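Residue numbers (the working numbering), protein chains in the order written: chain C, 444 to 555; chain U, 233 to 346.
Hint data in this document are derived by calculation from the structure and do not stem from the laboratory.
Since the structure is predicted, the reported quantities are computational estimates derived from the model, not experimental observations.
All residues carry an ideal CB built from backbone N, CA and C; glycine is no exception.
Take the hints with a grain of salt, since some may be wrong.
Facing chain U, a subset of chain C residues (Cβ under 8 angstroms, in silico) [stated by the list, open to error]:
hint, residue
1, Gly483
2, Leu484
3, Gly485
4, Leu486
5, Gly506
6, Leu533
7, Glu542
8, Phe546
9, Ser548
10, Gly549
11, Gln551
Here is how the chains run, residue by residue.
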Amino acid sequence: DVKVTQSSRYLVKRTGEKVFLECVQDMDHENMFWYRQDPGLGLRLIYFSYDVKMKEKGDIPEGYSVSREKKERFSLILESASTNQTSMYLCASRTGGIEKLFFGSGTQLSVL
Amino acid sequence: DQQVKQNSPSLSVQEGRISILNCDYTNSMFDYFLWYKKYPAEGPTFLISISSIKDKNEDGRFTVFLNKSAKHLSLHIVPSQPGDSAVYFCAASARAGNNRKLIWGLGTSLAVNP
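Pulled out of the complex, with its shape left as it was, chain U reads as follows (with noise of 0.2 angstroms):
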């Protein structure tokens, strides 16, 4: 039973576009949220997070967006490059007994072409 949720495995998008990217949960308690993007052959890196108090983060062109009536966050990323072409993987954080617990989505694969 998946709590994270990204339903799109992957998505194509012209260079200088906006790129949506798009998360959802199923679990209430979660209340924080990452966004991190992996190039293949490498490691995770991470790229923004959003606390379930607020409902927007920027980081230069990186946003993302939480709504949390709808169980759902975005990641848009405007304008995008050629070198945005990885797999972002969205994650929700709870608080599990003393610590806290990472769960994943299974990944969006994004081409950005020139």
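Just chain C, with the same shape it has in the complex (with noise of 0.2 angstroms):
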């Protein structure tokens, strides 16, 4: 059964704080995203990586960074935590060509 993990469900930071959300999937995929959800505004893509060490800025990449370093792990950084970084962050994977993507659990990320 296919498996994408986020190191997370819950996570509480301090503004300022640099924070790391780590994503693996177990399914050999080439391409990785990561999104937040926020109610009223459906799934956002902040970043994305078609392979290994290749990264592209999604819709709202600001104040965000990611690293994908090995295949199966995508990691997303957030340099100095914000209060509007308060969200949902899903990370996703899928094959590359093919449309469906797979979603990790999520991380509710609360940034006080």
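Make one complex out of these two single chains by using the hints.
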């Protein structure tokens, strides 16, 4: 069974902290994505990666960076967390050329 | 400018009846459409999809209809069950360079009442 694992379900951080959100997939997928979900705003794409060491900005990359050193792992980094980054963060992966995304369970991040 | 619109933020249906969730799109380049279901505090899960070469796809209680001329698709759930209560996202896909990009609607929250 396919699996996308996000390291934390719930996370509480302070303003200004550097935050790492980790995502691992076991399906040998080329493409990986980071989204955030906020009520009334749907799913918004932050960053994505089509292959190892490749990254591209999504629709809302400001305040975030990513790292993809290995095919199975895609990390989202909040360089200096702010309260407006309180959100549900969702990692997803897929095989290249196939539209179907597999999502992790999400990380609910609260920045105080 | 939203390219994929789910105009009903919420929908309430009685158990056993039909649920119809609607989605409109503006970009004629979209050629593949997907529906995802999301429970609170969980990631979305894939439900059903349809290619633009078809006008209907069925999987058990779930059927998706595509009307290309109207740029409209709908998800029918028959019969609706309380466990179907969730947020449903419509997504559309188009080729962007060498890859494909998914554009998401804002979601419709479905409540199925016993």
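Do the hints match the structure? See the list:
1. Gly483: At about 7 angstroms, which falls below the 8 angstroms cut-off, the nearest Cβ of chain U leaves the hint on Gly483(C) intact, so it holds.
2. Leu484: Nearest chain U Cβ about 7 angstroms off; hint holds.
3. Gly485: Interface hint status for Gly485(C): holds (4 angstroms vs cutoff 8 angstroms).
4. Leu486: Leu486(C) check passes; min Cβ-Cβ to chain U is 5 angstroms, inside 8 angstroms.
5. Gly506: With a minimum Cβ separation of about 20 angstroms from chain U (threshold 8 angstroms), the hint on Gly506(C) is violated.
6. Leu533: Check passed: Cβ of Leu533(C) comes within 5 angstroms of chain U, closer than 8 angstroms.
7. Glu542: Cβ of Glu542(C) sits 5 angstroms from chain U, so the hint holds.
8. Phe546: It holds, given that the least Cβ distance between Phe546(C) and chain U is near 3 angstroms, below 8 angstroms.
9. Ser548: 5 angstroms, holds
10. Gly549: 5 angstroms, holds
11. Gln551: Because about 7 angstroms separates Gln551(C) from the closest Cβ in chain U, which is inside the 8 angstroms limit, the hint holds.
Taken one by one, the earlier hints fail for this structure only at number 5.
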